[in-house]
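Student: Residues per chain, in single letters:
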Amino acid sequence: MDIFAGLLNGFLIALTPVNLLFAFLGAVLGTAIGVLPGLGPAATIALLLPAIYVIDSPVTAIILMAGIFYGSMYGGSTTSILLNLPGEAASVVTCIDGYKMAQKGRAGAALGIAAIGSFIAGTVGIVGMTLFAPVIANFALSFGPPEKFSLAFVGLLLAVTLSGSSVVKGLVMMTLGLLLASVGLDPISGKTRFSFGVTELQSGFDFVTLAMGVFGLGEIFLGLESVIKSEIVSTKVGQVWPTMRDWVASRMAILRGTLVGFFIGVIPGGGAVISSLVSYAVEKKMSKRPEEFGQGAIEGVAGPESANNAASSSSFIPLLTLGIPGNASIAMIFAALLIKGVTPGPFLIQEHPDVFWGVIASMYIGNVMLLVLNLPLVGLWAQLIRVPFGIMAPIIILFTAIGSYSLQGQTFDIYSLVGFGLFGYLLRKLHFEPGPLVLAFVLGPMVEGSMRQSLLMSGGTFSIFLERPISLVLLGLFAVLAIGQAAVTLRKKFRTRTNP
Amino acid sequence: MDRAERIASVTLVAFGVFVAYYSDKYLKLGILISPGAGFFPYWIGVVLAVLGAVWLLNTFLARKAPGPAEAECGSEGADMGGEPLRKRVLFRFLPGVLLVVLYGWLFEKAGYFISTVLFMVGWQKVVERESWLKTLLIAVLCAGGMYALFSYLLKGVLPTGTWFS
Amino acid sequence: MKRVIAVVATVMFACMVLPAVSMAADAYPSKPITAIVPMAAGGSSDLMARAIEKFWTKYSKQPLVVVNKPGGGGVVGTEAVVRSKPDGYTLYIGYGSGHDVVMPTLQKMPYDPLKDLVAVARVSIHSVVIVTGAKSPFNSIKDVVEYSKKEGKPVTTAVSVKAGAVDLALTAFGKAAGVNIVTVPFSGGAEATTALAGGHLMIGGGHPSEIIPHIKAGRFKALAVVLPQRDPTLPDVPTLKEQGINVATWGSIKGLAAPAGTPKEVIKYIEGNIRKICSDPEFKKTMANLNQPIMYQGSEDFAKFMRQATADYAKLIKELNIKID
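Chains as they are written, first to last, in this note's numbering: chain A, 1 to 500; chain B, 1 to 165; chain C, 1 to 325.
Quick caveat, the hints were computed from the structure, so don't treat them as lab data.
Hints are not guaranteed to be accurate.
Pairs of lysine to aspartate or glutamate, DMTMM-like flavour, derived with a Cα cap of 20 Å [as the list claims (entries may be wrong)]:
hint: 1; chain 1: C; residue 1: Lys-58; chain 2: C; residue 2: Glu-271
hint: 2; chain 1: C; residue 1: Lys-85; chain 2: B; residue 2: Glu-108
hint: 3; chain 1: C; residue 1: Lys-69; chain 2: A; residue 2: Glu-200
hint: 4; chain 1: C; residue 1: Lys-285; chain 2: A; residue 2: Glu-351
hint: 5; chain 1: C; residue 1: Lys-69; chain 2: A; residue 2: Asp-206
hint: 6; chain 1: C; residue 1: Lys-175; chain 2: C; residue 2: Glu-300
hint: 7; chain 1: A; residue 1: Lys-429; chain 2: B; residue 2: Glu-5
hint: 8; chain 1: C; residue 1: Lys-31; chain 2: C; residue 2: Glu-265
hint: 9; chain 1: C; residue 1: Lys-221; chain 2: C; residue 2: Asp-116
hint: 10; chain 1: C; residue 1: Lys-268; chain 2: C; residue 2: Glu-319
hint: 11; chain 1: C; residue 1: Lys-85; chain 2: A; residue 2: Glu-292
hint: 12; chain 1: C; residue 1: Lys-108; chain 2: A; residue 2: Glu-200
hint: 13; chain 1: C; residue 1: Lys-115; chain 2: C; residue 2: Asp-143
hint: 14; chain 1: C; residue 1: Lys-304; chain 2: C; residue 2: Asp-143
hint: 15; chain 1: C; residue 1: Lys-216; chain 2: A; residue 2: Glu-292
hint: 16; chain 1: C; residue 1: Lys-285; chain 2: A; residue 2: Asp-56
hint: 17; chain 1: C; residue 1: Lys-276; chain 2: C; residue 2: Asp-312
hint: 18; chain 1: C; residue 1: Lys-153; chain 2: A; residue 2: Glu-467
hint: 19; chain 1: C; residue 1: Lys-284; chain 2: A; residue 2: Glu-292
hint: 20; chain 1: A; residue 1: Lys-191; chain 2: B; residue 2: Asp-24
hint: 21; chain 1: A; residue 1: Lys-429; chain 2: B; residue 2: Asp-2
hint: 22; chain 1: B; residue 1: Lys-109; chain 2: A; residue 2: Asp-206
hint: 23; chain 1: B; residue 1: Lys-87; chain 2: A; residue 2: Glu-292
hint: 24; chain 1: B; residue 1: Lys-125; chain 2: A; residue 2: Glu-225
hint: 25; chain 1: A; residue 1: Lys-492; chain 2: A; residue 2: Glu-292
hint: 26; chain 1: C; residue 1: Lys-241; chain 2: C; residue 2: Glu-319
hint: 27; chain 1: A; residue 1: Lys-191; chain 2: C; residue 2: Glu-271
hint: 28; chain 1: C; residue 1: Lys-61; chain 2: C; residue 2: Asp-280
hint: 29; chain 1: A; residue 1: Lys-104; chain 2: A; residue 2: Asp-354
Heads up, incomplete: computed chain B residues facing chain A, CB under 8 Å, no partners named [stated by the list, open to error]:
hint: 30; residue: Arg-6
hint: 31; residue: Ala-8
hint: 32; residue: Thr-11
hint: 33; residue: Asp-24
hint: 34; residue: Gly-36
hint: 35; residue: Phe-60
Calculated Cβ distances over 12 Å to all of chain A for the following chain C residues [stated by the list, open to error]:
hint: 36; residue: Tyr-28
hint: 37; residue: Gly-43
hint: 38; residue: Phe-55
hint: 39; residue: Trp-56
hint: 40; residue: Lys-69
We put the CB at the ideal spot given by N, CA and C, even for glycine.
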């Protein structure tokens, strides 16, 4: 079917009042759950499935679910910037510079550029989807265990670069994150690790509890110990909107982030997180003022935010073209579609062109809706910063505690939250950055699992990582960059030593 | 600050050794063709121990070049002398942490509404030293608001209190 | 002003607390029922559960809510059901999967699937199908056996979980046919089939539900089905026995279970509902679309079948001396 004819037909379907309503509902609901810790898009879609079955048209159903999915991406960035609470793994990187900007009174600018960047990235991503879906899909398939390992491994090392000054401390964080990830059942051998007899530890720690604890509660505990009663509140509200300078600085970051996110996001498993990491690293490298990163560089928000939104668009590609779900939320959408009698896969375009094009068209519309929804709210959100610490802090604690509890209905999760909070407090006192810890926690299973699978495949030789082209390219690229970076740093050190 | 870092780095080395030991003894290391459950954690333990040692070394090296690190440490939390720090810790930090722990303990027993109210009351009174009026107002508004918000979304999940059923 | 606030607060208090206290004992079911699927969303068990979830409300006032609790090859979620209150409000969908009938013989488990759970109803059987990539040189099981004998190199095999039904079926095949099979476990059927579709492994095992879409798309070739007879969803695929290898398993059985101690009336109610759902023509259509055969069995028959299946697997494991460390 001709692409433009299909797309036109899709828009006709997407612009019906019912579908518009559901797109809006999805976007609002998605944003709301993105802001609330604990409840993620996958869980929400699961909860709503019985209602979704009742909806007659599969197009409407998937429009609603897609709206929830990328709406939550927008919502997650909001809490990352304002409260240093990453809604999901892909927003962790945004916390780093986003929160610093908020502390400096530039929350509005950060939120604004995040919204705009996300919109541009999402739109471009959808265009890419429309034009290149089958090609990209096959690219995704070519990522087997060795390639996934190399990608995740590079992601890990990039996470260390987020640590700012001390590489050693960054490595410690990363390693600890990997260790935390290995608590629980090991899927490859079936053994439980590090549970020490505690039943609740058998399934390991949850990302939400860890991230909320280390980032959110850690910050609050630190605030409790400091002099000013309202440490989190910045004294000046500052510019509410991004300035022209911000915009100029972020243009390229958004573009680069989009590209990174689009390609890496297709890969099932860790696409969005890794793409935000890569984008941050790229921006830091490309920037003329890399010292600003970690202190509130707007590119450090624009890039990763665009990346993770492009990634969420492209994560639909394997679903729609191959019938392969890439992450938990997409898996839910996959299940819902199958139950409704629509089989996502290569035949989707032929058998149900209205579903395929209708969804794509509604994603364009959904992105616009989210922009329209979020931009005016930026001003409102920025005012949230003014709420005194004495009220904000306990509310954050309550939200995160309830959110953690709701994951499995276990009090243990609230205790772990506090534990991680204290841990996060300690980390800050000892000048550690929690970012690499949390990111390594997310990437750990992928790194370890893929490595072991690859070794099984290769019969125990590590050469498999270098024999396969994609893996070799990834590792090679990283090695080149790392060596280059190390050379530059060593030269600087050498120079300062010889010139006292 | 240096002392804190030294203690921490030594702890890290010890921890790393422990992890490596535990992985070796209790989880199998396996052979290279099929690494066992302990393979990854073992190396994590080793790396942690090594990094801990490097960190420890760095604390000695940094001392020789008094730079920003030391100045930072100096101003950390002790800007008004030692006394206010003790006070802050005792009256804000500890109660805050304890309140959350208490919240967790009460959550299933007293139901989430009561726990939330008590938490807010406790926080406002003890940590923030607000008046009773403001305290109750904030507590009820917050708990009520959150009840409305969460009940709708998380219907079956929030406990109503084992003390009452 | 203070007093007004105090009164308002007390009234709000009361409103929140009283409903909890006055929860009368209504007839079952008086609130939504949670059905735990201990596997990842989008997998064959999950899809079946969602189909049941959809049709449940046709036959019951209270909805069935499916919750995914993957982990440990199915053990985490199942254990959650085992430890829950046997009041009929927490059920397990997927009973009879690898971790229920295969794993107990091979590994120590924190519970006994036959004693700690009560079989409520069987819904389907997901057989194990051995497939290979479309571009692979293998066209039949014989090709695989010959390759192994000639080249002497191991055959990499994608399986969904360690010590699950698929893993066992392929390991058994390897042992019986003298093929050096190296099973590479993934976190669920979807991930395993994706890796296989990418051509990263030589052969793989999966359920018809996961495999058939890829076969239709021309990405997979089915080599054999590991059932005693041919699978109704893949009538053209010969069994292993037909191809000369004396290995047959029940695959992954999918039914419902409740924690031991659940009252008989509750079990009868759920069993009855499932029977009605399985006879529903719309449900049949949905399941056909999912490539999952409907094979209903009532509570008692299912319990017997489960014991039989576990024994069959145990026998196979012993005969072929299969060990998974």
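Student: Compare the structure with each hint and give your call.
Tutor: Cross-check of the supplied hints:
no.: 1; hint: C:Lys-58 to C:Glu-271; in the structure: holds (15 Å)
no.: 2; hint: C:Lys-85 to B:Glu-108; in the structure: holds (16 Å)
no.: 3; hint: C:Lys-69 to A:Glu-200; in the structure: holds (13 Å)
no.: 4; hint: C:Lys-285 to A:Glu-351; in the structure: holds (17 Å)
no.: 5; hint: C:Lys-69 to A:Asp-206; in the structure: holds (13 Å)
no.: 6; hint: C:Lys-175 to C:Glu-300; in the structure: violated (34 Å)
no.: 7; hint: A:Lys-429 to B:Glu-5; in the structure: holds (9 Å)
no.: 8; hint: C:Lys-31 to C:Glu-265; in the structure: holds (16 Å)
no.: 9; hint: C:Lys-221 to C:Asp-116; in the structure: violated (40 Å)
no.: 10; hint: C:Lys-268 to C:Glu-319; in the structure: violated (38 Å)
no.: 11; hint: C:Lys-85 to A:Glu-292; in the structure: violated (55 Å)
no.: 12; hint: C:Lys-108 to A:Glu-200; in the structure: holds (18 Å)
no.: 13; hint: C:Lys-115 to C:Asp-143; in the structure: violated (43 Å)
no.: 14; hint: C:Lys-304 to C:Asp-143; in the structure: violated (38 Å)
no.: 15; hint: C:Lys-216 to A:Glu-292; in the structure: violated (53 Å)
no.: 16; hint: C:Lys-285 to A:Asp-56; in the structure: holds (16 Å)
no.: 17; hint: C:Lys-276 to C:Asp-312; in the structure: violated (30 Å)
no.: 18; hint: C:Lys-153 to A:Glu-467; in the structure: holds (18 Å)
no.: 19; hint: C:Lys-284 to A:Glu-292; in the structure: violated (61 Å)
no.: 20; hint: A:Lys-191 to B:Asp-24; in the structure: holds (14 Å)
no.: 21; hint: A:Lys-429 to B:Asp-2; in the structure: holds (12 Å)
no.: 22; hint: B:Lys-109 to A:Asp-206; in the structure: violated (23 Å)
no.: 23; hint: B:Lys-87 to A:Glu-292; in the structure: violated (35 Å)
no.: 24; hint: B:Lys-125 to A:Glu-225; in the structure: holds (17 Å)
no.: 25; hint: A:Lys-492 to A:Glu-292; in the structure: holds (18 Å)
no.: 26; hint: C:Lys-241 to C:Glu-319; in the structure: holds (16 Å)
no.: 27; hint: A:Lys-191 to C:Glu-271; in the structure: violated (34 Å)
no.: 28; hint: C:Lys-61 to C:Asp-280; in the structure: holds (17 Å)
no.: 29; hint: A:Lys-104 to A:Asp-354; in the structure: violated (48 Å)
no.: 30; hint: Arg-6; in the structure: violated (11 Å)
no.: 31; hint: Ala-8; in the structure: holds (6 Å)
no.: 32; hint: Thr-11; in the structure: violated (11 Å)
no.: 33; hint: Asp-24; in the structure: violated (13 Å)
no.: 34; hint: Gly-36; in the structure: holds (6 Å)
no.: 35; hint: Phe-60; in the structure: violated (13 Å)
no.: 36; hint: Tyr-28; in the structure: holds (19 Å)
no.: 37; hint: Gly-43; in the structure: violated (8 Å)
no.: 38; hint: Phe-55; in the structure: violated (9 Å)
no.: 39; hint: Trp-56; in the structure: violated (9 Å)
no.: 40; hint: Lys-69; in the structure: violated (8 Å)
Comparing the model with each earlier hint shows violations of hints 6, 9, 10, 11, 13, 14, 15, 17, 19, 22, 23, 27, 29, 30, 32, 33, 35, 37, 38, 39 and 40; every other hint is respected.
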